[in-house]
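Novice: In case you want the letters, here they are:
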Amino acid sequence: SQTIHQWPATLVQPVGSPLSLECTVEGTSNPNLYWYRQAAGRGLQLLFYSVGIGQISSEVPQNLSASRPQDRQFILSSKKLLLSDSGFYLCAGEQGNGNTIYFGEGSWLTVV
Amino acid sequence: EDQVTQSPEALRLQEGESSSLNCSYTVSGLRGLFWYRQDPGKGPEFLFTLYSAGEEKEKERLKATLTKKESFLHITAPKPEDSATYLCAVQASVGYIPTFGRGTSLIVHP
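Residue numbers (this note's numbering), protein chains in the order written: chain U, 17 to 128; chain G, 1008 to 1117.
Everything labelled a hint here was simulated from the structure, so no lab data went into it.
Below are the SDA-like pairs computed for lysine to any residue, each with C-alpha atoms no more than 25 Å apart in a straight line:
| # | chain 1 | residue 1 | chain 2 | residue 2 |
| --- | --- | --- | --- | --- |
| 1 | G | Lys-1049 | U | Ser-36 |
| 2 | G | Lys-1049 | U | Leu-63 |
| 3 | G | Lys-1049 | U | Thr-40 |
| 4 | G | Lys-1049 | U | Thr-44 |
| 5 | G | Lys-1070 | G | Ser-1090 |
Restraint-style ranges between C-beta atoms, simulated for each label pair:
| # | chain 1 | residue 1 | chain 2 | residue 2 | range |
| --- | --- | --- | --- | --- | --- |
| 6 | G | Arg-1068 | U | Leu-98 | 38 to 48 Å |
| 7 | G | Thr-1074 | U | Val-28 | 37 to 47 Å |
| 8 | G | Glu-1088 | U | Thr-19 | 21 to 31 Å |
| 9 | U | Ser-83 | G | Glu-1022 | 40 to 50 Å |
| 10 | G | Ser-1014 | U | Gln-29 | 31 to 41 Å |
| 11 | G | Glu-1067 | U | Thr-19 | 15 to 25 Å |
| 12 | U | Ser-100 | G | Thr-1012 | 20 to 30 Å |
| 13 | U | Gln-29 | G | His-1081 | 34 to 44 Å |
| 14 | G | Glu-1024 | U | Gln-29 | 35 to 45 Å |
Note that the structure is a prediction, hence the values are computed from the model and not measured.
A virtual CB, placed ideally from N, CA and C, is assigned to each residue, including glycine.
Let the sequences and hints guide you as you build the complete structure.
Specialist: Now the structure itself:
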């Protein structure tokens, strides 16, 4: 099965500062990759997904961007963080379509 | 548009008190239905995938079942360590983006 690694696990960033969350995948090649945000008491909000290197689709217009520089690497970024960007960010991966989706341990972001 | 509704939002049980969580869905052709367990501050942990109506899967005290409109996660004689949020997701046969429900928060009291 796949293993999804995310880092950092927690970070506190000031408003207006940049962001980089990194996700790497082990145990599979050419996975579909996803970035989700989860607010307290709410469901998973899909932010970005990717079916291959350099292929990024955005679900929600916002202050964030994503990149996939390598097959098993997915990066979530921001040039200037807003308070509303605070939340729990999850990376997920799926080998092909219709297979099990595995999640990383998540990254807690607090913007102050 | 695919939709997933989980009920109840929250459930409190006494240890040993069996119950079921519901996941109702509408999807244009089901490729798969997934159940996850999520502990506070952690990423969701995969439990089961169900593909067709009538399918059942079990793991320890958990049993997942599937019909054409809903799935149930049955918890038999739960223990406090079963306390978590349980998420349901569906994946349509057209496309691949999964749709998640908001989850059921389960608390099992000793």
